[in-house]
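Protein chains: 6
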Amino acid sequence: MAITTDVRVDGRASDQLRDITISRNWLDHAEGSVLVEFGRTRVLCAASFTEGVPRWRKGSGQGWVTAEYAMLPRATNTRNDREAVKGKIGGRTHEISRLIGRSLRAVIDTRELGENTIVLDCDVLQADGGTRTAAITGAYVALADAIENARAKKLLRNANAKPLKDSVAAVSVGIVKGKPVLDLCYEEDVNAGTDMNIVCTGDGRFVEVQGTAEGVPFDRAELDQLLDLGAAGCVELGLIQQKALAK
Amino acid sequence: MAITTDVRVDGRASDQLRDITISRNWLDHAEGSVLVEFGRTRVLCAASFTEGVPRWRKGSGQGWVTAEYAMLPRATNTRNDREAVKGKIGGRTHEISRLIGRSLRAVIDTRELGENTIVLDCDVLQADGGTRTAAITGAYVALADAIENARAKKLLRNANAKPLKDSVAAVSVGIVKGKPVLDLCYEEDVNAGTDMNIVCTGDGRFVEVQGTAEGVPFDRAELDQLLDLGAAGCVELGLIQQKALAK
Amino acid sequence: MAITTDVRVDGRASDQLRDITISRNWLDHAEGSVLVEFGRTRVLCAASFTEGVPRWRKGSGQGWVTAEYAMLPRATNTRNDREAVKGKIGGRTHEISRLIGRSLRAVIDTRELGENTIVLDCDVLQADGGTRTAAITGAYVALADAIENARAKKLLRNANAKPLKDSVAAVSVGIVKGKPVLDLCYEEDVNAGTDMNIVCTGDGRFVEVQGTAEGVPFDRAELDQLLDLGAAGCVELGLIQQKALAK
Amino acid sequence: MAITTDVRVDGRASDQLRDITISRNWLDHAEGSVLVEFGRTRVLCAASFTEGVPRWRKGSGQGWVTAEYAMLPRATNTRNDREAVKGKIGGRTHEISRLIGRSLRAVIDTRELGENTIVLDCDVLQADGGTRTAAITGAYVALADAIENARAKKLLRNANAKPLKDSVAAVSVGIVKGKPVLDLCYEEDVNAGTDMNIVCTGDGRFVEVQGTAEGVPFDRAELDQLLDLGAAGCVELGLIQQKALAK
Amino acid sequence: MAITTDVRVDGRASDQLRDITISRNWLDHAEGSVLVEFGRTRVLCAASFTEGVPRWRKGSGQGWVTAEYAMLPRATNTRNDREAVKGKIGGRTHEISRLIGRSLRAVIDTRELGENTIVLDCDVLQADGGTRTAAITGAYVALADAIENARAKKLLRNANAKPLKDSVAAVSVGIVKGKPVLDLCYEEDVNAGTDMNIVCTGDGRFVEVQGTAEGVPFDRAELDQLLDLGAAGCVELGLIQQKALAK
Amino acid sequence: MAITTDVRVDGRASDQLRDITISRNWLDHAEGSVLVEFGRTRVLCAASFTEGVPRWRKGSGQGWVTAEYAMLPRATNTRNDREAVKGKIGGRTHEISRLIGRSLRAVIDTRELGENTIVLDCDVLQADGGTRTAAITGAYVALADAIENARAKKLLRNANAKPLKDSVAAVSVGIVKGKPVLDLCYEEDVNAGTDMNIVCTGDGRFVEVQGTAEGVPFDRAELDQLLDLGAAGCVELGLIQQKALAK
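Residue numbers (the UniProt record's numbering), protein chains in the order written: chain A, 1 to 247; chain B, 1 to 247; chain C, 1 to 247; chain D, 1 to 247; chain E, 1 to 247; chain F, 1 to 247.
Just chain A, with the same shape it has in the complex:
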């Protein structure tokens, strides 16, 4: 695939991520916490570790990891009403919370975790496209921190438990003005003919592939290009996660 060098709305190459920042320990109380930034997209990921599991999992010897995603009312260009005020969670929120949870569970060995629960709260403080992929990428780091915190407190199954089987990161790809591009900002997102979210493990395998033709359906060749672009982007994000965790 030829990487286009045409100028994107923010001057990036088609296979170029936005500036990625991962700030660990952004909160004082949470067992793990990260403020993750994909350009202007800013998501606060807090990992809460609690002993015990939901009732349906008791006695299984296995832990549980879940996630909740939400957006502050003024994360976006115009204000959105609060879901708490409306009295119900919208379909999009539900869908993204479930995606984040599944993505993290893909790299968790629940037996090694022991009967403990980790909830990942991903709150979008500012949105500029790619909030769900930023959330997954940041939540992984918060999750890793929460697990090390639990290890230190001797709350895991044993001292050498390895609840994390691999890392996980996510990125969006899409076809904008007929060309495949990586990590779409909001302006690109609204103009994308096809929009795809790719979630990969650190070893390059796929956890989730979600592609949607917003306008014109896409053919297999386009799909292949998007998969290549997304997989490469996840590799890059994996390195940034590693670097952040090494600090």
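Bear in mind the hints are in silico, worked out from the structure with no lab data behind them.
No residue lacks a Cβ here, since even glycine has one placed at the ideal position from N, Cα and C.
It cannot be assumed that every hint is accurate.
[What the hints assert, rightly or not] On the chain D side, residues computed to face chain E include the following (Cβ under 7 Å):
id : residue
1  : Asp28
2  : Ser48
3  : Ala84
4  : Asp121
Please arrange chains B, C, D, E and F on chain A, whose structure you already have, making use of the hints.
Frame of chain A; chains B, C, D, E and F shown alone:
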């Protein structure tokens, strides 16, 4: 890709659909209605055509198509509580309703529809895996009937309006016991390592690709096999839809 | 009472039921299931048998039978919003669910049932008047099947337990154009001055009598005529139930 | 029918009402208001008259009358949770609100009312059986007052408008210890084999008949006795209403 | 502070309470019940005593006292929709319920109460300003009665238990037309520049002070005047409570 | 009043504020936005300016200012469930949102604002006591920025419009270990016998005074000390706000 001929739980070849039945005009009141069966999975799809569009679309000259998915309490092996009684729609229901709506809109030319709304109600009477893909496949036929019904009543933009740009069908694929298979029944679904839903237009292009690693992440080769299998299944379903509409 | 032979909207005699069809085992999963049709009114009744009883009944040695009624959005001439989407059950739905539950409990010996619960889900697939009476009539058959199913699995109190004391059926009667008629279809229902639902046991006694003057209040003579007509209709329905169960 | 003179729990004859008190103008703000007492059952009925009608009735030239029933948490022997706190109206509340509304509308000529709305709020301050029948009986008086209040303010269709076609009252009857009795108190109600609510107009015709076999189904002879008893009770209540309105 | 003798809307002196009436045992079922009237404001306070405490308090040896406030739809000049119908409790209702609960707990020794719960339901039958302060003042008397009732039934910690440490009463004060006044009626309330609720114990100390500048912010001198006025009003209410309890 | 110099939990003097930080323009989209920190308490305040007012205010020539307060699930030591997931706003949230709105409206001249609406979203990212007072203090600055932003876009009543009559700030005071202290952190808050929130305008007058005896009721002398301490704290906060706005 070698098509395995090993016996599946119900004796099908790996690339074989279940028995598909599409019964049109199953209801007396709806503008279009289909009882679609993928083996034991049975979904009632009702298309309701109403003149006018939601407020946010008024004056646009464009129509609107949306969908709602639900499952009867005893569609499944054990009874599920009603969402109406619980007082809220669950995340899975929301997600599938949105998927069906997007899939149908992918083949609709909203300008040709004129300022009219079509709601597709997809109610699962009995579930045995693949309810969302059966719903999309059946809803397309109900939608086509509702459009012809509207044409007869002169409610479309004009007598020759072509609101349908193409047909759309969907099928699930997955990796079961290490092998890619088409159109999973419930027993296969719960044992699938990877589960993917493919939505394609009649001309073989992709509208949605949603793959999830339930257990082990999947690699690119597996992903390619699944895409091949799903695309071929959709072609077959497209022919069945055509035959049903020709009656 | 003189039975009028004037032609009704669908040509029936004033004391004539619509065509009644009771299709047993319409679903594969439910312990009992019936698709009941009163003319164009079509209700799917599913009986779910589960061991155990609600908390307030534990240790009583008695079982519990309850019912939930609902209507698909496009069961009717124009589409109704889903109660799950509105986030609450309407008054009419509540009222009918309670009526069905009470009617079935009237013929249940809860001691003979043992500490088991049977939920009857009555979902109206198509409505043309008399949905609640069709639901009761069909639900009785599904209930009988669920009990025999439980007996076969040795889940009842003992092998000879008789949880069913009698059969139960229901029918609507009303005064249309000044004349008492049996089993009103929708068009008759909206024009009825008085509308009454009669629920009777197989031995001809009353379980419920619910009469409402929609327009002009009714006098005792009219009430007596309606009671005669309804009781006779229930007898006829009881025979149809017997025949269905004998198959 | 032989009226039994056996002593009931509170010493009444089988056809004897409890002490009935109707206190008009119990509130300062409402257009009509009544504290109605059937023995220890105490219901506050407030009629709110407002100009205009709900949207679906605009331009019809007709008014609208509706009712809402509720019970204070400690109206009963043990405290019930508030429906507002639970976040939803229960089935019983819905059912009774609808019954009261229908009963009052049976004596209203909505054309004579003009495009005005009257809401009857019936709040049970203390419950000792028969709250719904007390509510209907009291609400009629509050309604009559609200209409005269509106007439004085020249809000009716014209000066001689007769929105009230008749009066309406309600009473419960039931079979207790095998004998038909009138106006059951709570203790009788829980022991009743059959429980029936009768709503009649001042001229002795029926508006609603709702009979339920709580235990053993009832036969036609018993039903006839209950209807006689209830109709006679309503006549008596109609006189008490007249007397109250004459003050 | 000079007490103004200018005529208020209802002719009272600036430091004069409205006519206060406390009617005990207004209900037959509740362990304590009071109809309290501050002029035309009329609140029914019912105290429900139940053995046991909420789960989070079990085994603590301490009891719990809480309150719920609500207003009947037609307590006010124009009808308000029911919160149960709207499906949620409004902010104002929540706020007042919490205030009443805190105020009563301030005079309760939960150890002396033993593991028992008392719920105070304060339902406003008619509102003319000062409903929350009337509710607190009346609820205290209902609470005292419920405690004596429990003592008689030997449900307290022991025969000499003193769950009540002191009495508590409340009154509103405000600046109307530039002058501090006591116990505002509705008409004064809407015109008040500053509105303050004072809750005091029988020994003259403060439990709650809640002052709000509705229009112009208030200075320290005004605040001092309001505190003096409110504290004196509470002393007077305490005497009225004593007198009521002495009956 | 003698200012105690005893060491508080974090070493502050009794009349000493925590470190206060006000970071303006923390968000890119909002018309005004502030991250305000009172020690470890961190609140994100976003002001959303929109043309037009709620329906009930249309045509009045006056604008509207309102606020919504919320806390992220892991702002606190242990995770709290989301109110959106629970489907309703809790009493505390309601109460604080209303307090913030009233406090800001106290310094707004709605006529000068013109028919525009400003919503202040105050989301607590981290909580360590005093979140509502931090929210008010920060929201004022965001509000001031939103107004200047609107002035620049010529959206105010006129070029010289002065919608802000004064500044407003808030602080908590309380009696901890028997001594009055300023700006309580969480650990002090839970141990406080009395807890009071003071809201003052820049000119030193009171907008809100909310004092609650958590344990022992407080006397007038203690109340006076708390008012002195709080008023002085607000003066200090006013200077910090000025400095922040001057940058």
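Status of each hint after checking the structure:
no. : hint   : result
1   : Asp28  : holds, 6 Å
2   : Ser48  : holds, 4 Å
3   : Ala84  : holds, 4 Å
4   : Asp121 : holds, 5 Å
Checked against the numbered hints given earlier, this structure breaks none of them.
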